[in-house]
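S.K.: These are the residues of each chain, in order.
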Amino acid sequence: MEALANLLHGFTLAISPYNLFIALLGVVLGVVIGVLPGLGGTSGVAILLPLTFVMPPASAIVFLSCIYWGALFGGAITSILFSIPGEPWSVATMFDGHPLAKQGRAGTALAAAFIPGFFAAMISVLLFTFFAPPLAEIALRFGPPENFAVLLLAFSTFAGLGRGSPAKTLASAAIGFLLASVGLDIVTGRPRMTFGSITMLSGFSFITASIGLFGIGEILASSEEALEFKGVQGKVRIRDIWEVLRALGRNAVTFVTGTLLGFWIGVMPGTGATPASFMSYGIAKQYSKHPEKFGTGVVEGVIATESAAHAAGIGALLPMITLGIPGSPTAAVILGGLYIWGLQPGPALFLEQKDFVWGLIASMYIGNVIGVLLCLFLVPVFALILKVPAPILTPMIVLFSAIGAYAVNNTTLDVWLLLVFGLVGYVFKKLDYPLAPLVVAMVLGDITEEALRQSLILSDGSLLIFFTRPIAAGFMVTSLVLFFLPALLPLLARIRGRVAPQKA
Amino acid sequence: MRRAEILCAAALLLVAAVALREALRLSIGWGDIGPRGGFFPFWLGVILAGSSLFTLIQGLRQPRTPQPFLRQEALRPVLTVLLPIAGAVLLIEVVGFYLTALLYLLGYMRWTGRHTWTTTLLIGLLFPVIIFFVFERWFLVPLPKGLLEAYHPF
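Just so you know, the protein sequences line up as chains A and B, in that order. Mapping to the numbering used here: the first sequence position 242 is 242, numbers consecutive. Mapping to the numbering used here: the second sequence position 86 is 86, numbers consecutive.
Derived from the structure by calculation, the hints contain no laboratory data. Beta carbons are placed, not taken as given, at the ideal position from N, Cα and C, and that holds for glycine. Please note: incorrect hints may appear among the correct ones.
Said to hold, decoys possible - Which residues of chain A face chain B? A partial, calculated answer using Cβ under 10 angstroms:
| # | residue |
| --- | --- |
| 1 | 170 |
| 2 | 192 |
| 3 | 248 |
| 4 | 395 |
As the list claims (entries may be wrong) - Keeping only pairs whose Cα atoms sit at most 25 angstroms apart, straight-line, the calculated SDA-like set for lysine to any residue is:
| # | chain 1 | residue 1 | chain 2 | residue 2 |
| --- | --- | --- | --- | --- |
| 5 | A | 387 | B | 112 |
| 6 | A | 430 | B | 83 |
| 7 | A | 430 | B | 71 |
| 8 | A | 430 | B | 62 |
| 9 | A | 430 | B | 13 |
| 10 | A | 430 | B | 58 |
| 11 | A | 430 | B | 117 |
| 12 | A | 430 | B | 3 |
| 13 | A | 430 | B | 76 |
| 14 | A | 430 | B | 67 |
| 15 | A | 429 | B | 86 |
| 16 | A | 430 | B | 54 |
| 17 | A | 102 | A | 241 |
| 18 | A | 235 | A | 105 |
| 19 | A | 429 | B | 80 |
| 20 | B | 145 | A | 201 |
| 21 | A | 387 | B | 117 |
| 22 | A | 387 | B | 118 |
As the list claims (entries may be wrong) - Derived DEER-like restraints, expressed as beta-carbon distance ranges:
| # | chain 1 | residue 1 | chain 2 | residue 2 | range |
| --- | --- | --- | --- | --- | --- |
| 23 | A | 54 | B | 80 | 31 to 39 angstroms |
| 24 | B | 17 | A | 295 | 29 to 37 angstroms |
| 25 | B | 75 | A | 246 | 48 to 56 angstroms |
| 26 | B | 134 | A | 380 | 19 to 27 angstroms |
Construct all of the structure, not just a fragment, from the sequences and the given hints.
M.R.: Rendered as structure tokens:
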């Protein structure tokens, strides 16, 4: 078991006092980000990314991924106690979590979020530990055509599985790619799309874009409704933990389904924890013996959403570390960090940066242990954050966002861009343009273009190269099917509908 | 909502047009080393133009909806958040981060939050100080000082 030996080595790195401290700091900040409704995991990670510039890469990745784990735990607190989603992925947790809390069973609801979330994360890390190395080994044999096909698959899942208009998804991704192409031509090194401006030579930073779109945009959008944090007090007692463990035993099927589904959705590029939690809730309700009780405060409703969300969070890092493709928008920002730290994401990491990869995997175990312990025992402390009035929180989040944007290139131009991206994010959010494809496209723009151009050089300009190589062809066909799925489904339904009346 | 939808799609169409012009200027053909610089942006421009045209036409064919983009009563709260943000961005350019943080917090807390002067001053002064030690000292992230660069005591 080479993986086990590597994992042990990873643990020896991860439990160094410095890395343990970084992990703890990351989880605490993550929970705070998760609890705050105006600040999401994606923009939160982007804001804190500049802090990692002084860290060695192995600690930097521990920091960022621990923020992600913390945010996954934290979102549930706000959803359950305040009936306001702290994170998009905890919306579904609210359905049953808040009714439970209102019945005076807040402790049970919270424990039902944390404990299954933790176990789901552990199972997913195990899957991760043993799936990642072989997957990376396969990916090592990929050439430019395969890489491009995988990247295309990432964007097709957005269009195919995402809710909302495919035209808007496509537009959002295209804008992201266009923004990424501003600056120097990656192949020839000549300036392009800069319109003669020198400041535009360095291009647009995905950090500024993600903080603006997700952070400032969210603040503007949520300012329309004056949010009032009228919450329920909640504390997890030992009794609640026992109750949830017993409930977990009774609902083992829901839990396992949620975990495996979540992991799979997380691995699928571009989706992440939010759709995973909704889908898991839907399935749990559909196959429940008492579906009518869902929404009134059933423990298994919380178990279903939280196990899927946490599993998806871990799953989202699998394609990131093995293929260089983020499984979720938050993973996209972390992936962007890898480029900044001077690492080339992708399968070669498993050969050249063993410390980095296995340190990350070991910290997934450690970060989730820290996360569940902190949340179980410190819920009342974290809930206090929501007692801070909005007029104090809003300027602080804005100021942190400004620091995050400025620190990328040390120019105030990025602070102005932050405002522009914030306005765009607000408008897009109101008009239902998905933001995730834009950010993912900005991060992946250069490598996508490089893969496409190199493939075309290999084939002398023929697009057939993507269909004559078996692995690439497989990915291409899958992505085409996924892309046209929204168009195909109504068509299929219509055909079926037409057949059915004829039978009758 | 319908008008906003149409305007947004039209704006994106304009972005696509700019991108296409720039791509054509860079030439989209086949060069010495494969496709030229304009090749990738060109096809993105085409995709963006196509998808926004689709949204535009869909918007035009849609019946007028009574639901506005921004409700009348929501305008005020959005502006009370947006304008101070814009002001802070401008201030960062001029007087740097630390003074902006102080002024922004003071102004926002005092006038939108109606907090007492004691709370306002305490947080307004403490926040920049903490930021200074965490970012500038601990994580070595220098923050903008604006035109006051020379006058900063540290």
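S.K.: Can the hint on residue 170 of chain A be confirmed by a CB-to-CB distance to chain B that is less than 10 angstroms?
M.R.: holds, 4 angstroms
S.K.: Closer than 10 angstroms between Cβ atoms is the bar; does residue 395 of chain A clear it against chain B? Give me holds or violated.
M.R.: Cβ of residue 395 of chain A sits 5 angstroms from chain B, so the hint holds.
S.K.: Under the criterion that the straight-line Cα-Cα distance not exceed 25 angstroms, is the pair residue 430 of chain A, residue 58 of chain B satisfied?
M.R.: Measuring from Cα to Cα gives roughly 17 angstroms; hence the hint holds.
S.K.: Assess, step by step, whether the Cα of residue 430 of chain A is no farther than 25 angstroms from the Cα of residue 3 of chain B, and give holds or violated.
M.R.: Roughly 13 angstroms between the alpha carbons, so the hint for residue 430 of chain A and residue 3 of chain B holds.
S.K.: Just tell me: holds or violated, for the beta carbon distance of residue 75 of chain B and residue 246 of chain A against 48 to 56 angstroms?
M.R.: Given about 52 angstroms between the Cβ atoms, the range holds.
S.K.: When the nearest CB of chain B is found for residue 248 of chain A, is that gap smaller than 10 angstroms?
M.R.: violated, 40 angstroms
S.K.: Compare the distance between the alpha carbons of residue 430 of chain A and residue 13 of chain B with 25 angstroms, and conclude whether the hinted pair is satisfied.
M.R.: Distance of about 19 angstroms is within 25 angstroms: holds.
S.K.: Within 25 angstroms, alpha carbon to alpha carbon, are residue 430 of chain A and residue 117 of chain B?
M.R.: Given that 25 angstroms is the threshold and the Cα spacing comes to 36 angstroms, the pair is violated.
S.K.: Is the hinted pair residue 430 of chain A and residue 71 of chain B satisfied, with a Cα-Cα distance of at most 25 angstroms?
M.R.: It holds: about 12 angstroms lies between the C-alpha atoms, which stays within 25 angstroms.
S.K.: Assuming the hint says 29 to 37 angstroms, is it satisfied by the Cβ distance from residue 17 of chain B to residue 295 of chain A or not?
M.R.: With Cβ atoms ~48 angstroms apart, the hint is violated.
S.K.: Is the hinted pair residue 235 of chain A and residue 105 of chain A satisfied, with a Cα-Cα distance of at most 25 angstroms?
M.R.: Judged against 25 angstroms, a Cα distance of about 9 angstroms means the pair holds.
S.K.: For the pair supplied as a hint, residue 430 of chain A and residue 54 of chain B, confirm whether the alpha-carbon distance does not exceed 25 angstroms.
M.R.: With Cα atoms ~18 angstroms apart, residue 430 of chain A and residue 54 of chain B stay inside 25 angstroms; holds.
In this structure, the earlier hints numbered 3, 11 and 24 are contradicted, and the remaining ones agree with it.
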